[in-house]
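Chemist: The lines below spell out each chain.
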Amino acid sequence: MLIYAAKRAFVALLVAITVSIISFGLLRLSGDLAQALAGQSSTAADVEAIRKAYGLDRPVYIQYLEWAGKVLTGDFGDSFFFKEPVSKMLGSRLPTTMTLGACALTFALLLAIPLGVLAAMRPNSWIDRTALTLSVLGQALPSFWFALMLIIIFGLTLRWLPISGTGTWLHFVMPSIALGYYATPAIMRLTRAGMMEVMASDYIRTARAKGLRMPTVLFKHALRNAVIPVVALAAVQFGFMLGGSIVIETVFALHGVGYLAWESITRADFPVVQAIVLVLATIYVVLTLFADLLNAFLDPRIRIA
Amino acid sequence: MTADALSANKILEPSPAALLRRRIFGHTGFMFGASAIACMLAMALLAPVLAPHDPYGQDLSRRLINPIWHDDGKWVFPLGTDQLGRDYLTRLIYGARISLLIGFATMVISGLIGTALGVAAGYFGGRVDMVITFVITTRLSMPVVLVALAVVALIGGSLQVVIAVLGLLLWDRFAVVMRSTTMQIRSLDYVAAAQAIGCSTTRIVLTEIMPNVMNALTVVATLEMAQAILLEAALSFLGLGVQPPLPSWGLMVAEGKEYMFFSPWLITIPGVALFLLVLSINLMGDGIRDISAPENRN
Chain A
1 MLIYAAKRAF VALLVAITVS IISFGLLRLS GDLAQALAGQ SSTAADVEAI RKAYGLDRPV
61 YIQYLEWAGK VLTGDFGDSF FFKEPVSKML GSRLPTTMTL GACALTFALL LAIPLGVLAA
121 MRPNSWIDRT ALTLSVLGQA LPSFWFALML IIIFGLTLRW LPISGTGTWL HFVMPSIALG
181 YYATPAIMRL TRAGMMEVMA SDYIRTARAK GLRMPTVLFK HALRNAVIPV VALAAVQFGF
241 MLGGSIVIET VFALHGVGYL AWESITRADF PVVQAIVLVL ATIYVVLTLF ADLLNAFLDP
301 RIRIA
Chain B
1 MTADALSANK ILEPSPAALL RRRIFGHTGF MFGASAIACM LAMALLAPVL APHDPYGQDL
61 SRRLINPIWH DDGKWVFPLG TDQLGRDYLT RLIYGARISL LIGFATMVIS GLIGTALGVA
121 AGYFGGRVDM VITFVITTRL SMPVVLVALA VVALIGGSLQ VVIAVLGLLL WDRFAVVMRS
181 TTMQIRSLDY VAAAQAIGCS TTRIVLTEIM PNVMNALTVV ATLEMAQAIL LEAALSFLGL
241 GVQPPLPSWG LMVAEGKEYM FFSPWLITIP GVALFLLVLS INLMGDGIRD ISAPENRN
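Each protein sequence line maps, in turn, to chains A and B. Heads up, the first sequence is in my numbering, so the first residue is 1 and it goes up one at a time. Heads up, the second sequence is in my numbering, so the first residue is 1 and it goes up one at a time.
Same shape as in the complex, but just chain B:
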C-alpha cells in the first residue's frame, strides 16, 4: 500500500472521538440549547456583577417605567421598572438564579429517588418490581400541581419547600425509564459474567449497570429539570411557591398580571425568559439523545 492510499484511508475513517465531535457540533438544536444554557448560567452566577441595580430596591416615584423600545423608555432601566419601581432587568437576571437552582436541585433529588427505585425494580424484578411499579402507578395517579399546591399551603412557601416538594413528586419518569433500561441491560451477557465471577450486587449495579444507563439518565434529567422549572413558575404564579420579594419569573408574571392591559411587557418579558430557558434545556436533552444514540432517532 502506498503512502497516498494510507492517508486516504485515514481521511475516510475518522476516529470515534472525531465522529462524536462532528455529531455534537453538527447538531443545531444541541448547540443552540447548550450555548443558551451556558449564557443563562453565566448570567445567574455573575448576577451581582451584571445587574445594574438592586433587585429589591423599591422606589415608588419611578414605578412602571416603560422599556427602551417605547418612546419614553430610559437607558437607566433597559427593561423598565415594575409596579414597585424595581429595575426589571435586574430582577430578570436574579430570577435566572432561582429557576436554575430549583431546576437543578429538584432534578438531583428526584433523580436520586427515581434512579434508586427504577434500578432496583429493573435489577431485582419479581416482587420488588411489583411493589415499585405499584408505587410508580400510585404516584402517577396523583395530580402533581394540586398535591404540590396543597403541601406548600400546609407547610408554607419558600425556596427550600418548593425544591423538596417538587423533588419528592417528580421522580416518576426517572423510575419508569431507569426500570426499563435496567431490565434490558440486566439480561445481557456481561452482567451474567459479572455474576458468575462472584461480584456483589452493589458492584454490579455500580460498575456494570450504572455506566450503561447514563445516557438515558441524562436525557430524563434534562426533561425533568425543564419540568421542575415550569412547575415552580406555575406554583409561584398561583401564589403558593417562591414568596415575594424573591424575583422568581413565575412570581413576576403573577405580579405583573394586574397591570397587563397598560404594561403587557411586565408579563411578556419573564414569560419569554422562562420559555427560552425551558426550550434550551429540552433542545439540549433531545440533542444528547441524538448524539449518544443516533440509531434511536424518531
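Bound conformation, chain A alone:
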C-alpha cells in the first residue's frame, strides 16, 4: 500500500509540475509581458526598462523556476488590471466557490444516493426506469440554459429566490442545484451498481435470515459498503464542479473564482487566469490522488496494477 501510495503521489506531483509549466506558458503566449505592464502609452525605452526590472530578458526556464518558486510561497504576481496581488484576489473569492461546490455536491448526493438505492432495490421497476430517464435527460441539459430556466421559474415568475449576487444563503440555492445536477447521473449509477452487488452477497442474506428488518439491513449493512466508492467518485466530481463553476457563477453573478476567471479573461488579465488554472488543477490533482488512494485502500487488487 505504501509503495502504491508513494508511486501515485509521485505521479500527482509530476502532473502538478506539468500543469504549472502549461499555465506559465499561457501567460507567455498572451503577448509581450513588458508591453502589457508598461501600458498603452509607453515608449520603447520604458518597455526595455520594465523588461530589465522584471527580469523578462533572461532565459525562459530561469523565469519559470523563479516564478514557480514564488508560487510555492503563495505569490502569484500582480493582476494587470487591479495592480494588486493575485493571491489576495483569489483568497477573497475561493471561499464562495468552495461553499458553492460543497452545496452542489451535497445536493447531488442527497438526490443521487436515495435514487440509486431505490433503483437497486427494484431493478427494472418504474422507479429504476424513472431514475435512468432522469439521468439521460439531465446529461443533455446545457448547464447555462438550465441555470437560466431556474432563474426564469424561481426568480422571475415565482419570485422565491434572488437571481444574482452572493449576499445570503438563498443566493446559493439555484447555483447549487444547477451545478450539482450534473454530478447526479454518475453518482446514481455507481450507487445503484454498488447496492446491487452488495445486496446479492452472502452476508446480506445472513442478515436477512437472522430476522433483521429490511431498513436495518439496508442502511447498516448494505449502504455502508456500497457507498465507499461513491465517496471517491464524489471527490473527483467536486474537482469537476470547481471547473464547471465558471459557467454557473457567471450566470448568477456569484462572486467566486469562476466568475473572477471569466471577468479576468474578458479583461485580458492573464496573471489571474494563470493562477486560477493552476489552483483549480492542483485541487483536482489532490482530489483524484485522494480518490485513488481510497479506492486502493479498499480494493487491494488496484495496488498491484
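Treat the hints as calculated values from the structure; they're not laboratory data. Cβ atoms here follow ideal geometry from the backbone N, Cα and C, with glycine treated the same way. Each hint should be verified, as a subset may be incorrect.
Stated by the list, open to error - Short derived list, chain B residues pointing at chain A, Cβ under 7 Å: (1) 137; (2) 149; (3) 150; (4) 154; (5) 155; (6) 156; (7) 233; (8) 234; (9) 237; (10) 253; (11) 261; (12) 275; (13) 278; (14) 282.
Stated by the list, open to error - Footprint (simulated), chain B over chain A, 3 or more residues, beta carbon under 8 Å: (15) 144-154; (16) 259-271.
Position chain B relative to chain A; hints supplied.
Modeler: Just chain B now, kept in the frame of chain A:
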C-alpha cells in the same frame, strides 16, 4: 425431417442479420435518437431552402415579435423575431449547421488524437503506456472550460478556433476507452497469431485491432460529439466562442438573456433545440452500445 419441421426451424432461428435488424428497430431510444438526428441533419443541409427569411437580415421596426402561440404572433415569423428583428425560426435552422459542424469536426479531430494515443498505449504497453497515461492524467486535471475560454480569448473567437481548441482538448475519453479496449484485444489469440506469421505492427493495428475496437469507438464518438456541442454552446454563451452575427444556439441564448423577463422564449427556444440535439445524440450512442453488445447492458 418433414418440410413442416424445416420451416418451423427457420422461423425459430432467424438469421444474424434479422436479429440485428430486430435489435435496431426494437430499440426505442436508438430509433428516436437516430430519426431526430436525421431530421436535424436534413434541416441543417437544406437550411437555405427551408428557412423563410435571411438569418442576418435585421429590421429594427419588427424587433421582438412574439411567436405564434402568443395572441399577437404573426405567421410570417412563426417563432417570432429577436432583438434585432431577425426571424428566429431562420436563425434556429441555421444554428443547427453550426452545432452539427462543431460537434462533428471536433469529434473527428479529438477522435484521431485520442484513438492514436489510446491504441498506442494499449498496444505497446510498458513505457509508452506510462507516458501516454501521464499525458491523459495531465489533460484531465486541466479544467476544460477555463482553458478553452483562455485560449479562445488569446487567439480570438471564430468557428475554426473553437473547433481546433475543443478538438485538442476533448480527446481524453477516446484515449482512455481505446487504451483499455486495445489492451483486452491485444492479449487475444488472433493477435498473437498475426504476430507469429510476421505481420507488421501497422498491419496488426489496422486489420486486427481497429475493426474490433470500432464499437467502443462509435459509442465514445457520439458521447464526445454531444459534449463538444454543449461546450461550444457554453463558450458562445460566455461570449468567447462563435462570434455574432453567426446564429449559434449558445450565442442566441446569450443575446436573449437581457430580454428574458418579457420575452423568455428567446432563450427557451434555442435551449430546447440544444437539449433535443444532445439528447438524440446520447440516445443514439446508448442505442449503438446496446445493439452492438447486448450483453454489456447496465
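Chemist: Each hint needs a verdict: does it hold in this structure or not?
Modeler: Hints and how they fare:
no. : hint    : result
1   : 137     : holds (5 Å)
2   : 149     : holds (5 Å)
3   : 150     : holds (5 Å)
4   : 154     : holds (6 Å)
5   : 155     : violated (9 Å)
6   : 156     : violated (12 Å)
7   : 233     : holds (5 Å)
8   : 234     : holds (5 Å)
9   : 237     : holds (5 Å)
10  : 253     : holds (6 Å)
11  : 261     : holds (6 Å)
12  : 275     : holds (5 Å)
13  : 278     : holds (4 Å)
14  : 282     : holds (6 Å)
15  : 144-154 : holds (count 6)
16  : 259-271 : holds (count 6)
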